[in-house]
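Colleague: So you can see what is in the structure, the chains are spelled out below.
Number of protein chains: 2
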Amino acid sequence: MNNRLFRFSGGVRGAWAVTGMRAISGEALPPAARVDILSGEPAAAGPGEKWVLRGVTSNERYVTSAERRELVSKQAALGRPEATHGALIPIRKNAEWWSLSQDERRAILEDRSRHIKTGLRYLPAIARRLHHCRDLGASEPFDFLTLFDYAEADAAAFDDLVGELRASEEWRYVEREVDIRLLRDGQN
Amino acid sequence: MNNRLFRFSGGVRGAWAVTGMRAISGEALPPAARVDILSGEPAAAGPGEKWVLRGVTSNERYVTSAERRELVSKQAALGRPEATHGALIPIRKNAEWWSLSQDERRAILEDRSRHIKTGLRYLPAIARRLHHCRDLGASEPFDFLTLFDYAEADAAAFDDLVGELRASEEWRYVEREVDIRLLRDGQN
Chain A
30 MNNRLFRFSG
40 GVRGAWAVTG
50 MRAISGEALP
60 PAARVDILSG
70 EPAAAGPGEK
80 WVLRGVTSNE
90 RYVTSAERRE
100 LVSKQAALGR
110 PEATHGALIP
120 IRKNAEWWSL
130 SQDERRAILE
140 DRSRHIKTGL
150 RYLPAIARRL
160 HHCRDLGASE
170 PFDFLTLFDY
180 AEADAAAFDD
190 LVGELRASEE
200 WRYVEREVDI
210 RLLRDGQN
Chain B
30 MNNRLFRFSG
40 GVRGAWAVTG
50 MRAISGEALP
60 PAARVDILSG
70 EPAAAGPGEK
80 WVLRGVTSNE
90 RYVTSAERRE
100 LVSKQAALGR
110 PEATHGALIP
120 IRKNAEWWSL
130 SQDERRAILE
140 DRSRHIKTGL
150 RYLPAIARRL
160 HHCRDLGASE
170 PFDFLTLFDY
180 AEADAAAFDD
190 LVGELRASEE
200 WRYVEREVDI
210 RLLRDGQN
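So the protein lines, in turn, are chains A and B.
Position in the first sequence (from 1) plus 29 gives the number in this note's numbering.
Position in the second sequence (from 1) plus 29 gives the number in this note's numbering.
Treat the hints with care, as some may be off.
Because identical chains share one entry, a pair is satisfied inside a single copy or across any pair of copies.
In silico SDA-like links for lysine to any residue, alpha-carbon gap of 25 Å or less [claimed, not checked]:
{"id": "1", "residue 1": "Lys79", "residue 2": "Thr93"}
{"id": "2", "residue 1": "Lys103", "residue 2": "Ser128"}
{"id": "3", "residue 1": "Lys103", "residue 2": "Glu133"}
{"id": "4", "residue 1": "Lys103", "residue 2": "Glu125"}
{"id": "5", "residue 1": "Lys79", "residue 2": "Gly215"}
Please keep in mind that the hints were generated in silico from the structure rather than gathered at the bench.
Keep in mind that this is a model prediction, so the values were computed, not measured.
Use the sequences and the hints to build the structure in full.
Modeller: Put into structure tokens, the structure is as follows:
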């Protein structure tokens, strides 16, 4: 098993309670009460499982070395005790996006949409981990899964962050997006 | 199943006879008499199978739009009737490579190693298809599988191409490479 593989299971188990699920573009996901996040992939579906999404963390695709120095100096890791709020946002981009060359995608993502610079403004409050799904051997319904966590006091800032990104040119290439809000409520 | 997934099976079956297998860096692969190339992944290993490598074709990681125009105008697809010679070259790059940012990897791959420009000089004689393995859900022994085909008259040119690439700065990051030479001999 690839040790960078994560499995997100929507159902009745897991440390995160679902407080909202909304299809931003394209088809929704079936409702689930909780999300369980596991490293690796068990062979069988758990009881009550409504959906499973899988993704691998990987090398950076767009960030330059200067941007990375800034990111690394500011960003926090997931799992801070105060980060009781979270979001799982699966996204699929359209065929036109994937047919663009590397410089064309970078120009849209950063030069014109300021994706990296926008994210930097919300550090360290909003922590994130990006997972890639498009090059898994199985056909996956999304290209990316991003998991975020933040303190309750930063919930409005998180709404601002996703709002800014969704208004950008890059998001014209997003053909499916589901916004799943989470609360770490001490149960599982 | 991901429809960009290919499965390369080394054993006693397949359209390509193995004429040579050589470990260039790191561990060798077990000897095999033939290589079978299948789209997708059957559930079970075939009889006589010595190894299986899997990879997905994907979006371009480094090529710019100008380079792509030149590539598209010159390159041939795999499978020309005269392309009876082939090579399958699995490669794994080291952790240092994967920890570099996008601009650092591009600078090594093209600005300093001329990987794309070198490949262009051998078009259309040498056709190639690149498969990615690093972000498959299963742990794979290589990061890339490149399949090449060419006419017998271009066999020496192919040796020149791989020789140039192996002498480049980029190849300092290659920690495992196996060179498997193939002949489409009309059997299977």
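Colleague: Failing hints, ascending?
Modeller: Violated hint (a single one): 1; every other hint is consistent with the structure.
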